[in-house]
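Start from the sequences, fold in the hints, and give me the full structure.
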Amino acid sequence: MCGRLASAVCLSLALVGGLEAQRTQIPPTVPSVKPGLVESLTIDRAALSALLTVYDAGDYATFDQRAPRFSRSVPNWLLFQGGLTAWIAQAPSARRRLVAASVALELAFIEQRETVTAQQLVEIGCVILKEQPPSPAERPWHIAATEITRSHAAHVFIRFGEFAAPHLPAAIDLEVQRAPSLETLFGAGTPPVWLDAAAVEQIAAGGIPQIMSVPGNRRMDRASAEKLVAMAPEVMRQRSSEPNGVVVSIGLWNVADAYRRLVENDPALAEAQLRLGQTYVRLARPAEAVAAFRQADLSAETTYVRYLARLLGGAVFERVGRRAEAILAFRAALTVVPRAQSASFALAPLLFQEGDREEAADLLEDAIKQPVAADPIQNYWNRDPERWWRQFNAVRQALR
Amino acid sequence: MNRHVRLLAALLVAAGVDVTAQQKPPVFRSGATLVTASVSVKKGNRPVNGLTPSDFILTDNGVPQTVERVTFEEVPIDVTVVIDLSGSTAGIVDEIRRDTRRIIGFLRPIDKVRVVAIDTYVHEVIPQQLVEKKDLALPVKMVSGGSSSIRDAIVAALITRPDPERRRLVVAITDGADTKSVVEAATVMELARRSDTVLHIVFVRPPGIGGFGGPGLGGFGAGPGMPMGPGPGAGSAALFAGPAAGSFIRRETYVSEWDLLLDATVLTGGAFYGARHGNVGAAEADAVEVFRRLFDEFRQSYVVQFTPENVATDGWHDLVVKVKGVDDKGIRARKGYFAGR
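Here the protein sequences come in this chain order: A and B. Take the numbering used here: the last position of the first sequence gets the number 400, and nothing is skipped along the way. Take the numbering used here: the last position of the second sequence gets the number 341, and nothing is skipped along the way.
No lab work stands behind these hints, which were simulated from the structure alone. Among the hints, a few may not be true.
Claimed, not checked - Result set (SDA-like, lysine to any residue): computed pairs, CA atoms no more than 25 Å apart in a straight line:
| # | chain 1 | residue 1 | chain 2 | residue 2 |
| --- | --- | --- | --- | --- |
| 1 | B | K335 | B | D163 |
| 2 | A | K369 | B | L130 |
| 3 | A | K369 | B | R98 |
| 4 | A | K369 | B | E132 |
| 5 | B | K335 | B | T66 |
| 6 | A | K369 | B | P127 |
| 7 | B | K335 | A | Q353 |
| 8 | B | K112 | B | I77 |
| 9 | B | K335 | A | D366 |
| 10 | A | K369 | B | K112 |
| 11 | B | K112 | B | V266 |
| 12 | B | K324 | B | P109 |
| 13 | B | K322 | B | D55 |
| 14 | A | K369 | B | R166 |
| 15 | A | K369 | B | V131 |
| 16 | A | K369 | B | D111 |
| 17 | A | K369 | B | P162 |
| 18 | B | K324 | B | P47 |
| 19 | B | K42 | B | R293 |
| 20 | B | K42 | B | E297 |
| 21 | B | K112 | A | D362 |
| 22 | A | K369 | B | P64 |
| 23 | B | K112 | A | Q370 |
| 24 | A | K369 | B | R101 |
| 25 | B | K335 | A | E354 |
| 26 | B | K335 | A | K369 |
| 27 | A | K369 | B | R161 |
| 28 | A | K369 | B | D163 |
| 29 | A | K369 | B | P109 |
| 30 | B | K112 | A | D356 |
| 31 | B | K112 | A | D366 |
| 32 | B | K335 | A | D356 |
| 33 | B | K335 | B | G62 |
| 34 | A | K369 | B | R97 |
Please read all numbers here as calculations on a predicted model, not as lab measurements.
Below, the structure written as C-alpha cells:
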C-alpha cells in the first residue's frame, strides 16, 4: 500500500502515461567520442556580419546552422566585440543593437551556461544594450541572459528595477552561495543532522564557546539559529575551514524563504518547488522535502523538473530508510528519462540488495550502453534547459 | 546460498578436477545450501597444487566447517576492465589505452572481456564479448564532462547477470578522484558483500600530479576523515559559477570513503595496488603487471565448497580460510558471503 508520502510518486506514475511528450531541446544522449575540433581563434568579420544579417532577417534556421562555428572562436573577445560594433555602425539603430546583443546571447548559450566564455558574451551584449535607454523589447534579453548567467540578475535590477521574472535566477544564485559544497545525491560524508529544541537549549547553555563550535552539518529552525546568533554575534564572522551549523542553517532558511515566496505567488512554479525541496533536504527536513518534490512533480511542465523531482524525492526516501518508496520513485524517474544514469545507479543497488539481481544488471547494462542518455542531474546548477529555450524564443519574438 | 551458487558449484564439479572425488564419493544433502569460495593458495610467488579438502581449514562466522569438495580448474573468466578517462587522467590516456590492450592480450579465447570507461558518465565502450580479436577499438577520449564516476562504474561492473558457467573479475584502473558518482562508498561495500565478482583496483596517476592520484593524495593538507579537496570552484570547476559544474559534484573524496572502497576489494577476494592515501611518494603500480599476476592467480584458484552448519541461514557470514602448511599471507579468498537472498 502506498503511504501518504509515496502517494505523490504513485500519482506521478499515473500521470506519466497521459502526459503529452515534452519537447526536448537538449540532445537526448551524450556523444561518445570527441570530434577532432580544430578551434579557430580568428574572427571572419564578413561571416559574422552575414550571421547578424541572417538573424536580423529572422532566418533562424540558417542562423542555427551557422552559429556553432562562431561559438568556437568567440574566446577572442575583442575581435568578436569589434565585429558586432562594426555591423551596428553600418546603420546604427536600437534594433541593430538588440540584434547584435541577441546574437552574443545565442552564442553564449551554445558555448555553455555559466562558463567564463558565456559570461563574457553576455557582458558584451549588455554593454551594447547600455548604449541606449532601456526599452521593453530589451527585457526578454535580460531575462534570458539571467538564465545563462545568474549574476546578471543584478544588472537587470539596476537597469529596470524589480520585476518578477529574474527572481527565480536570483533565488538560485542564493542557493548556489548557501548550498554545501560536499553535496551528493544521498548526502554521504556530511549528511545534515537536525537539532531539536532541547539540543539547541543545550548549546545555548554552553554559551559562546559551544555556539562557536557547532559542526557545519547541524541544522535547526530559524528562530533557534537567530537566538544563538544573538547570544554570540561573532559566529557570523567566524573564520574556519568548516562553516558553523548555526550560520549554515540561517543561510539555508533564507534560500527556503526565497523559494517559498516564489511558490506562494505562483504555485505552478515547478522549478522553485523542486529547489525548495532540495533546500529542505539540506535542512534535514525530509517530510517537507518530499512534500515540495511532490508539488514540483505535479506542476512540472518539463522533463527536467519532473525527472529531478522524482529522483531527489527517491533519494530522500532512501535516506530515511523507506526503500520501497525509494524504488518506486526511482522507477518513476526512469519513466521520464529512460536509461538516465543517476536514477539507474540509485535504483540498481536497491534492487540487487532486494534480490532482484537480473533486473539490476539489466538496468545498469542499459544505462551504460553508448550513447548514454543525457541526465538532467548534470544540469542541476545550470538550471532547466527547456526553460532557457522558452526565454530564448521570447528574445526572438521581441525582435519580430 | 542462492540458485546461482548451487549451479556454479554443480558445473564446476562437473567440468573441473574434483580432487575430493578421488578420495571419497561426493555427499549430497537434501535441502542443503552449498557455499562456494574461490581460494588462491601460494607459497612465495608459486601456486600450491594438489591440495585436498583435508588441507583446508574453514570457519563460517567463527564456526569450523567441513570442506566437502575442492576443485582446481581453469574455468572461463569474464573480465571487466574499468578505465578512467576523466579530466584528471587526461595526461595518461594513451598509457591507459595501451595498458588496456595489453591486458586484453593476456586473456584466453574462452574468456570474455568488457571495457567500461569513466568520465562524468559511465560508458560501456566495449560490450562483453569473447576474446576473439585482441585489437578492440578503444575510445580516444570521452566528451561528457571530465568528472569521474568511479564508484558508479565499479557498481556497474559488480552487478552482473548470474552466469553459473563463468567466474568474474573486475579490474579498475583509476586515479581515484571520484567527483561525480551517485553511488556512495558504503553502497559499494554492501554490494561487494553480495556480489560474487572479484574486484581489484589499480591506482594510477599522471606524472607530476602527485597530489591528485591516489586516495588521500589531494595535496590539500586534509587529515584523516576530512575531505581532500579545496571546496567548490576548484580546478576546472572554477569556470562555473555554481558550487560545482552542472550537477552534484564533489571535488573531495573522504579518506573514510576510500577506506571503504579499499575494504570492498578485500571483501571480494581482490585487492588494490598503488599508493595508499597520504603516501604520495609510493611507487606507481604497473596496471599490466598487476593484471598479469592476478589473472594467473585467479585462473589457478581452488574452488572450495561446503555446506554451512551451526550458523545462521541469512545475513552476512565472515569466512576465514586457512591451508595447512601455508602462511596466511599466501592465501587469498573472499572475506565472506551474504546468505538469504
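Which hint numbers doesn't this structure obey?
Of the numbered hints, 9, 12, 22 and 26 do not hold.
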